[in-house]
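Enquirer: This is what each chain is made of:
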Amino acid sequence: MPTKTKFELKFGMATREAFGKALVELGRENPDVVVCDADLSKSTFTSLFGKEFPDRFFEVGIAEANMVSIGAGLASSGKIPFVSSFSCFVMNKGFEQLRVNVAYPGLNVKIVGTHSGISIGEDGPSQMSIEDISLACSLPGFTVICPADEVATLALVRAAAALKGPVFIRAGRMKAPILYQPGHSFAIGKAVELTEGSDVTIIATGLMVSESIRAQELLEGEGIGVRVIDMHTIKPLDRDAIARAAKETGAIVVAEEHLVDGGLGVRVAQVVAETNPCLMEFVGIENTYAESGSPEQLLDKYGLVARDVVAAVRRALARKS
Amino acid sequence: MKQTKNVAELQEIAKRVRRNIVQMIGDAKSGHPGGSLSAVEILTTLYFDVLRHDPSHPDWPDRDRFILSKGHAAPVLYCMLEETGYTPPGQLNTLRKLGSIYQGHPDRRFIPALEASTGSLGVGPSVGLGMALAARLNGSPSRTYVLVGDGESQEGQIWEAAMFGSYNKVDNIVVIVDYNKIQLDGFVKDILNLEPLADKWRSFGWHTLEINGHDIPALQAGFAEAAAVKGKPTAIVAHTIKGKGVSFMENNPKFHGMAPTPAEVQLALQELQ
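Read top to bottom, the protein sequences are chains A and B.
Under this note's numbering, the first residue of the first sequence is numbered 1, with each subsequent residue one higher.
Under this note's numbering, the first residue of the second sequence is numbered 1, with each subsequent residue one higher.
These are calculated hints, taken from the structure and not from any lab test.
All C-beta atoms, glycine included, are put in the ideal place defined by N, C-alpha and C.
Among the clues, some could well be false.
To be verified - Residues from chain A shown here face chain B by an in silico Cβ test under 10 Å; the list is partial:
hint: 1; residue: Pro31
hint: 2; residue: Asp32
hint: 3; residue: Val34
hint: 4; residue: Cys36
hint: 5; residue: Val68
hint: 6; residue: Gly71
hint: 7; residue: Gly73
hint: 8; residue: Lys79
hint: 9; residue: Glu96
hint: 10; residue: Tyr104
hint: 11; residue: Gly106
hint: 12; residue: Pro236
hint: 13; residue: Leu237
hint: 14; residue: Ala269
To be verified - Think about it this way: if two alpha-carbon atoms lie no more than 27 Å apart in a straight line, the pair counts; the simulated DSS-like pairs of lysine-lysine are:
hint: 15; chain 1: A; residue 1: Lys42; chain 2: B; residue 2: Lys169
hint: 16; chain 1: A; residue 1: Lys51; chain 2: A; residue 2: Lys6
hint: 17; chain 1: B; residue 1: Lys29; chain 2: A; residue 2: Lys51
hint: 18; chain 1: A; residue 1: Lys93; chain 2: B; residue 2: Lys5
hint: 19; chain 1: B; residue 1: Lys181; chain 2: B; residue 2: Lys29
hint: 20; chain 1: B; residue 1: Lys230; chain 2: B; residue 2: Lys5
hint: 21; chain 1: A; residue 1: Lys42; chain 2: A; residue 2: Lys93
hint: 22; chain 1: B; residue 1: Lys230; chain 2: B; residue 2: Lys169
hint: 23; chain 1: A; residue 1: Lys164; chain 2: A; residue 2: Lys190
hint: 24; chain 1: A; residue 1: Lys175; chain 2: A; residue 2: Lys190
hint: 25; chain 1: A; residue 1: Lys51; chain 2: B; residue 2: Lys169
hint: 26; chain 1: A; residue 1: Lys175; chain 2: A; residue 2: Lys21
hint: 27; chain 1: B; residue 1: Lys5; chain 2: B; residue 2: Lys15
hint: 28; chain 1: B; residue 1: Lys169; chain 2: B; residue 2: Lys189
hint: 29; chain 1: A; residue 1: Lys93; chain 2: B; residue 2: Lys29
Turn these sequences into a full structure, and let the hints steer you where they fit.
Expert: Below is the structure:
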């Protein structure tokens, strides 16, 4: 059911921190949960798990390829490994190992990439993960999750642990505005319709969900009804929610902190094309690398704030009429 | 399947396995005979003597594990799986054919008893370390054996695993290097020389032995020594001959990745009587 409450969008934890806390909870409940990190445990918050469960925490050093393969071996022997680093490093440096050691045999490894997107800020493009959704979705059998706030992260990390099979979870560095009430329930593969609306749909993931809510609130004042969908599971997509939005609103804007090429937008477009073709607009990073700057400056410069979502909605509505 | 320490019996198995390797790659018309033939005694000693395993219970949690990191030597592994009863008899001639359980490289989707799907070089020791760590956490006696190629040792991840294994005192893993001195493009020493290879493993903190990889008693002694070492992993640099047992394949880079013709198969089988 759509959430009727007005969104306060107060800042909560970063999704990476919520991930670290969820891991500790899981560790207490299930002795088979183990964690690997590649010298970034203070940044990924896996250090919380390492402190409480030193025997089940493997610091592999700066060797992401080795880490992913070790995770595969642990999973092969019945453990539930969470393998974590900055998203750009675990996905790019570990990609061959994700392919041949994890995806190909379909092993129960959970990859958690933190510091995704450009909102890592000052460290610049070498540390920014703007292609991880594309890479993760290209691995057969993978489930790909991008939670929007701390509540969603806590729930979806637990859901990922309960799911048998490989999962990629994409987390961010910045504190994330809270969208959900504590205890909100989530199901992998089931999108959340945050607002009702019949003029246009915004499908967003991660950080862009709260920006889309801000856009919706602006447009609502002009009498434009916007349906906002939190597509926290990017693979498998909630095809029903997409098909329904296409049919009922006739226009879809997709917003993501990722390259437009190969991201959520093109995946949604495929479902739209296969079900109820409608016009679409895309908000994301356009064929470029970003630069150093504060997260807020970068999101503004590279077109990832509410203003850009509003502009895309206006383009869509103009084409629709 | 009967485990044995009897060297004559193991040699007899090795000879039969060599014939099967040549025949199956000949039938497939593609494959990697050289690196399969070089590893025959290593795998025979493991599967028929050293490994604690039970082909009728392939998912026994405390079993020892073997990973063929040099996955292109799949035929020698397939012969072991058939000889020990993990796979049904009489299908080796389906190697590399559509629908066969004997895929071009080991694929656990087709043979669940395989410990890992391999073929992308350099990753096996890391996967083995994960299994060895799980055994340690579980208090299991399970030991993990990983066979890597010499050319494969040019991959950086091998040395990431080497650093990790000794630093973390993973003493329930053994890496065996099938040091047959030849890779696809030619002789290892002419492409990217590994020497001093044993010193490299030693300097990475592994208990390191050098043995003749075709000498079954030496292999038995090496594996026994490895099992007795506490606090560090063991590397066995096994000096072997590429294409061992077939005169025209021995030390011949051509047979790294080329199947014998039907006439060559016949010639090889005569030599392997």
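Enquirer: For each hint, tell me whether it holds in the structure or not.
Expert: Against the structure, the hints come out as follows:
1. Pro31: holds, 9 Å
2. Asp32: With a minimum Cβ separation of about 9 Å from chain B (threshold 10 Å), the hint on Asp32/A holds.
3. Val34: Since the shortest Cβ distance to chain B is 7 Å, the answer is holds.
4. Cys36: holds, 9 Å
5. Val68: holds, 8 Å
6. Gly71: Given a least distance of 6 Å, the restraint on Gly71/A holds.
7. Gly73: Check passed: Cβ of Gly73/A comes within 2 Å of chain B, closer than 10 Å.
8. Lys79: The hint holds - Lys79/A has a Cβ within 10 Å of chain B, the shortest such distance being about 5 Å.
9. Glu96: Since chain B brings a Cβ to about 6 Å from Glu96/A, closer than 10 Å, the hint holds.
10. Tyr104: holds, 5 Å
11. Gly106: For Gly106/A, the interface hint holds, since the closest Cβ of chain B sits about 8 Å away, which is under 10 Å.
12. Pro236: violated, 20 Å
13. Leu237: Violated, because the Cβ-Cβ distance from Leu237/A to chain B comes to roughly 25 Å (cut-off 10 Å).
14. Ala269: At 31 Å from the nearest chain B Cβ, Ala269/A fails the 10 Å test, so the hint is violated.
15. Lys42/A to Lys169/B: holds, 24 Å
16. Lys51/A to Lys6/A: Violated. Lys51/A to Lys6/A sits at ~39 Å, over the 27 Å cutoff.
17. Lys29/B to Lys51/A: Violated - the C-alpha atoms of Lys51/A and Lys29/B are around 55 Å apart, more than 27 Å.
18. Lys93/A to Lys5/B: Since the Cα atoms of Lys93/A and Lys5/B sit roughly 44 Å apart, the hinted pair is violated (cutoff 27 Å).
19. Lys181/B to Lys29/B: Between Lys181/B and Lys29/B the Cα gap is close to 24 Å, so the pair holds against 27 Å.
20. Lys230/B to Lys5/B: holds, 24 Å
21. Lys42/A to Lys93/A: OK: Lys42/A and Lys93/A at ~20 Å, within 27 Å.
22. Lys230/B to Lys169/B: Given pair Lys230/B, Lys169/B holds - Cα atoms ~8 Å apart, limit 27 Å.
23. Lys164/A to Lys190/A: holds, 17 Å
24. Lys175/A to Lys190/A: Holds, at roughly 24 Å.
25. Lys51/A to Lys169/B: Distance of about 20 Å is within 27 Å: holds.
26. Lys175/A to Lys21/A: OK: Lys175/A and Lys21/A at ~14 Å, within 27 Å.
27. Lys5/B to Lys15/B: Given that 27 Å is the threshold and the Cα spacing comes to 16 Å, the pair holds.
28. Lys169/B to Lys189/B: violated, 31 Å
29. Lys93/A to Lys29/B: With a Cα-Cα distance of about 36 Å, the restraint between Lys93/A and Lys29/B is violated, given a limit of 27 Å.
Going through the hint list in order, the structure does not satisfy hints 12, 13, 14, 16, 17, 18, 28, 29.
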